[in-house]
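Participant: Full structure from sequences and hints, please.
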Amino acid sequence: MPSNTASSSSAPAGSADSSASRTKSKRPKYSKFTQQELPACKPILTPGWVVLTFLVISVIFIPLGVVSLFASQDVVEIVDRYDNDCVPTPARANKVAYIQGVSDKSCNRTLVVPKKMKQPIYVYYQLENFYQNHRRYVKSRSDSQLRSVKDENQIDACKPEDDVNGRPIVPCGLIAWSLFNDTYALSKNNQPLTVNKRGIAWKSDREHKFGKNVFPKNFQEGNITGGGRLDANKSLSEQEDLIVWMRTAALPTFRKLYGKIESDLEKGDTIHVTLLNNYNTYSFDGKKKLVLSTTSWLGGKNDFLGIAYLTVGGICFFLALVFTIMYLVKPRRLGDPTYLSWNRVPGGGR
Amino acid sequence: MKRFVYINDDEASKELCCDNRMSNTKYTLWNFFPKNLMEQFSRFMNQYFLLIACLQLWSLITPVNPASTWGPLIFIFAVSASKEAWDDYHRYLSDKKANEREVWIVKHGIKKHIQAQDIQVGNIVWLRENDEVPCDLVLLGTSDPQGVCYVEGVIECPIPDKDIRRFDANMRLFPPFIDNDVCSLTIKNTLLQSCYLRNTEWACGVSVYTGNQTKLGMCRGVAEPKITAMDAMIDKLTGAIFVFQIVVVMVLGVAGNVWKDTEARKQWYVQYPEEAPWYELLVIPLRFELLCSIMIPISIKVSLDLVKGLYAKFIEWDVEMVDQETGTASYAANTAISEDLGQVEYILTDKTGTLTDNKMIFRRCCIGGIFYGNENGDALKDTQLLDAITSGSTDVIRFLTVMAICNTVIPVRSKAGDIIYKAQSQDEDALVIAAAKLHMVFVGKNANLLELMFNGEMIRYEVLEILEFTSDRKRMSVVVKDSQNGKIILLSKGADESILPSARTGQQTRTIAEAVEHYAQLGLRTLCLAWRELEEDEYLEWSVKFKEANSVLVDREWRIAEVCQLLEHDLYILGVTAIEDRLQDGVPETIETLRKAGINFWMLTGDKQNTAIQIALSCNFISPEPKGQLLLIDGKTEEDVSRSLERVLLTMRTTTSEPKDVAFVIDGWALEIALKHHRKDFVELAILSKTAICCRVTPSQKAQLVEILKSCDYRTLAIGDGGNDVRMIQQADIGVGISGREGLQAARAADYSIGRFRFLKRLILVHGRYSYNRTAFLSQYSFYKSLLICFIQIFFSFISGVSGTSLFNSVSLMAYNVFYTSVPVLVSVIDKDLSETTVMQHPQILFYCQAGRLLNPSTFAGWFGRSLFHAIVVFVITIHAYAYEKSEMEELGMVALSGCIWLQAFVVAQETNSFTVLQHLSIWGNLVGFYVLNFLFSAIPSSGMYTIMFRLCSQPSYWITMFLIVGAGMGPIFALKYYRYTYRPSKINILQQAERMGGPILTLGNIETQPRTIEKDVSPVSIRSPVYEPLLSESPNPTRRSFGPGAPFEFFQSQSRLSSSSGYTRNCKDN
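Chains as they are written, first to last, in the working numbering: chain A, 1 to 350; chain B, 1 to 1071.
Think of the hints as simulated: they come from the structure by calculation, not from any bench. Treat each hint with caution, since some may be false.
[Said to hold, decoys possible] So the derived label-pair ranges between C-beta atoms look like this: (1) B:865 x A:165: 54 to 60 Å; (2) A:43 x B:83: 57 to 63 Å; (3) B:273 x A:66: 51 to 57 Å; (4) B:34 x A:144: 36 to 42 Å; (5) A:149 x B:917: 40 to 46 Å; (6) B:247 x A:56: 38 to 44 Å; (7) A:56 x B:273: 56 to 62 Å; (8) A:149 x B:83: 57 to 63 Å; (9) A:326 x B:798: 34 to 40 Å; (10) B:861 x A:149: 54 to 60 Å; (11) A:88 x B:273: 32 to 38 Å; (12) B:798 x A:231: 36 to 42 Å.
Idealized CB from N, CA, C, for every residue including glycine.
Facilitator: What follows is the structure, given as structure tokens:
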């Protein structure tokens, strides 16, 4: 106690003592939480539980995978790529010039139904290498303008397709401007096949996102014409092709609903498609495909989920097996104190 | 600079000093926002986030709504600001309470009630018992009869400073009272602000320093915030992520520009203009910068602050750390450094009051060469001594007189009629009480008149002077006049080294020195008592000098010491007292446990060497032979010390390979020399040595030692209880104060204050360790979740033309860090990997924290890899499951986001060691909360997400996709964890298994009894290697057991001169 005394011999120090202890003598309240003693479940990874978990996962995943795969297999899908074939042979050297020219763009395709297709049969167009998710593109729209007439002038985000000589374009923006405009006319055994184009867009979009009293204005009247044109007498909420198009796709390969066929197609039926090949995908090597597809509970034809489930289930089963074997071959006592050595060896260790 | 205080004269002092308004607040109402913002923006991270937020205002480059950054930024700023405001408001309230407290002042002879804040310098303040002192006062009088009331005068005192030990002032009273007589004032004449008046009915004093100019007010400064090792590591990792982010941004920026020029120009629907503005090249990199800015979690600071606050609360709430005797709970003054507790490598501890109880009991004495109390260990019951007293042996009676009155003790008669002693020093208290038991009862102090009752006979002494104790002089004396015969006597007591040299020529001090040595070996504190009769002339002559020295304003302490020296010579040594200072409960166990945990202990004490060594032995500080070995460094000259240091170093180097408990012992003098001339060697020694005993060290040397250890990158914890430990406590990474008998100075300066030393075990092993583990998880997890979402954005950019499109919408991005992922992780602060009992039984497990094995670049790489893996899983599954007709932007974004949220929940669940109700609630409740929130967003027609979540949840493919993501994401991680857990278990895992398989104590109890439980390797290289290198190894090393019992016990190796040396040279003893 060298200089302790020196400090404590000054009167204030001593007296400060009791003051503070008085203020601090509040005992903490006891509760399970404050003492960090809430009842807890502390699971440990015993081999049994782990193997069981993996087994259970595989037992769930493998059947799910099989079911998904079956669902996907049940879907009948006809895919027809027509972007190349629909360009007349002489024009193929310069497809861009062809598509931008004024010559007749109609084209006939024949599809054969491989299996019975139950209605409703969805007609999609599929674009590939088309970046609807491009930053410049995806933002180029004005939701408020689409919704109500009074926001017609809200076109800030729409550049460069915002106005024509100072008059706002409705609907503005690159997305609307580049509206897909190939058309398909289907006939089965020379009988026209009705493609219902109503109700292809989301109900919520029709009712809330696209106004009933918003009509196209100054659309495609700029210097360059992009894609399709719109009927200026139909309100936007009725322009379902536009609504579908404006639900931008997140991937460069995507399908958009063109219409629905509300009758069954039998195996071997031939379907003639008369299409107008208007849309330019040639300048960027994009593919265009016409797709007729039924659906299952999982959606369209997509084997991915089934295969992925089988793979994960298989891996889990394999892991369960491996862990069982490891346990049998080289059993380890959990919490074996012989592994608990506190030695530190310089340069040693694993 | 001096200040003149005119007592009771408002006009004279008004203009020169402030009023007594105290203000501890950091802000005022007006400057709160600017000042708080300035403070928050002084952090680099906040500046960075502000820059990002500002960049987002540029709509050309922002991938999402600026709200996604501004929202969290404002939220986080608001949380920090409210915390500050709350703290400051409480400071304001307590100030207000103190300022508006009513106090009495005496003005023109009339007592008046005023508010404390209105006290002016020069006012006379009147206090009653238990009142708090409102400002620094010079004491004028007390209820003690000798009190005199001065009315007018001037006090000449230094300008306000923060040194609470010094107050060198003079008081001159105006006529007609005492004619211009200068009266010296020292710190002993003052009552400092915030102290309490005790044991006195009333006191009055004149205020000299007021408001924020008081000693306390000047001391109060903004303490420099301590940075924990963990915070430093987190900062480092943040820096690494920052660099990574910049690289990613640059790569993607270049790729984006290239893609734009080669591909995007062909895509007519994008309409890239032919002519670009000058900044065109910057646009894409900047977009990516914004996209990637979430890589650094904006919420980490707030989360960490929150959990740190909770750690501190857990410490304060802990009922097992409440001192049952006084009911004092532990207190965490610094809420930010709990993790450091788990990483302590060195503990520097004071001895008295820290390891010991500071409850002194007089045990033995040696009077005139005769040992009393040696047989039964209690001199009070030694019949030989009692006989000597009844027979009236002069030496014995003188000895008892010195014991009874050579002190500053005040006897107070309680209501029951008993005498209670008020002593400032525990030693004095012990001596007076012992004297009373030996029939020399100190019954009363009446002004300067002391009354002693000896065998029913009243003896009166008049105190002429008190020669105060200082740590330099290491002794104190009083000059008294025997009222019976008028003889003037000097009574001295002090450390042997300061008393024995002043012994009268001719007196044999050898037996005394041997007695001191003997007692010290028993771990007792010794004091030598001495006596000398003074001639009247000698005294008068000296008295004048003493008075002169007392009124010097410069170097007063030194001058006084010099004058005292003139009187304290030719002493007749009466004998030696031996006082026992008992060890606190649980000290040996605590030290043993903590040493097992790999913490090195240094004892820094002012006691003499032998006492220190004995205490060290008895509290497991050092092992007894044959395992222990003590190396002594001493010497009076530089050469001696250097030689001794060399030798010790050599021994240290050679014995590091042996499983020996080597400690070095150094005294203050040698330390001074070693630090001055051989700093490098000493530092090496410090690194080599696990244990050290430093005796006779001064407060500043204690601080220097802390500094040395810190300079070697060790995490240090200093623990002490007294004012002399304050500097060391403030210097150390963690300062722990014991709120004990010696006052609260240490506890106030400390980061943590605990009631008893043994709580240190719990503080470090339980609270420190849990805090470290929890923060390690929380911080890495924060990075993981931010990286996860960021990686997905990066992957998405590769399929969106490297144009910087955000897959997620603004709302999701904003809510992701702040709402969706923060709740479960915050609850991880109540996670416990091992139970407290297990940790206490296996303190070695602390290695993991000390070595920083739970948070370091390699563990971080694990989390980084996990987030990369999970991002791939989520991204690949999402884009394949939601391909073709389902690839709608909003839907795909939400599927990916839900995938992330599901994985989060399972990752937290997998990393949780103990599930309480709260954990289940937060993990699964958070998942439910995510859907509820998103249903809400989906119900707003104007939001981009309108109906999205309803659509998704009604699709079977959505749920199938979620299960797939969880299965594919967690399966491999779970398998890997199981594999490690079972086949490559860490010690923590083994203990977890043992604990939960039941009977942990049975299976593991024998581990501690295994002969070599810990052997911390101390080769300097391995210790100084980066902390994340594995310090533990699995393989036992039996070859090092070669050290057998045959080796000689070298307690004091070759240098030993303690027991063998005949020359009595060194020895320290202080009061």
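Participant: Next step is simple, just say for each hint if it's right about the structure.
Facilitator: Hints, verified against the model:
1. B:865 x A:165: 54 to 60 Å: At roughly 57 Å between Cβ atoms, residue 165 of chain A and residue 865 of chain B fall inside 54 to 60 Å, so the hint holds.
2. A:43 x B:83: 57 to 63 Å: violated (36 Å)
3. B:273 x A:66: 51 to 57 Å: holds (53 Å)
4. B:34 x A:144: 36 to 42 Å: holds (37 Å)
5. A:149 x B:917: 40 to 46 Å: The hinted range 40 to 46 Å is violated for residue 149 of chain A and residue 917 of chain B, with Cβ atoms some 55 Å apart.
6. B:247 x A:56: 38 to 44 Å: holds (42 Å)
7. A:56 x B:273: 56 to 62 Å: holds (58 Å)
8. A:149 x B:83: 57 to 63 Å: At 49 Å between Cβs, range violated.
9. A:326 x B:798: 34 to 40 Å: holds (39 Å)
10. B:861 x A:149: 54 to 60 Å: Roughly 57 Å apart at Cβ, these two residues keep to the hinted range, so it holds.
11. A:88 x B:273: 32 to 38 Å: holds (33 Å)
12. B:798 x A:231: 36 to 42 Å: holds (39 Å)
Hint violations for this structure: numbers 2, 5 and 8, all remaining hints satisfied.
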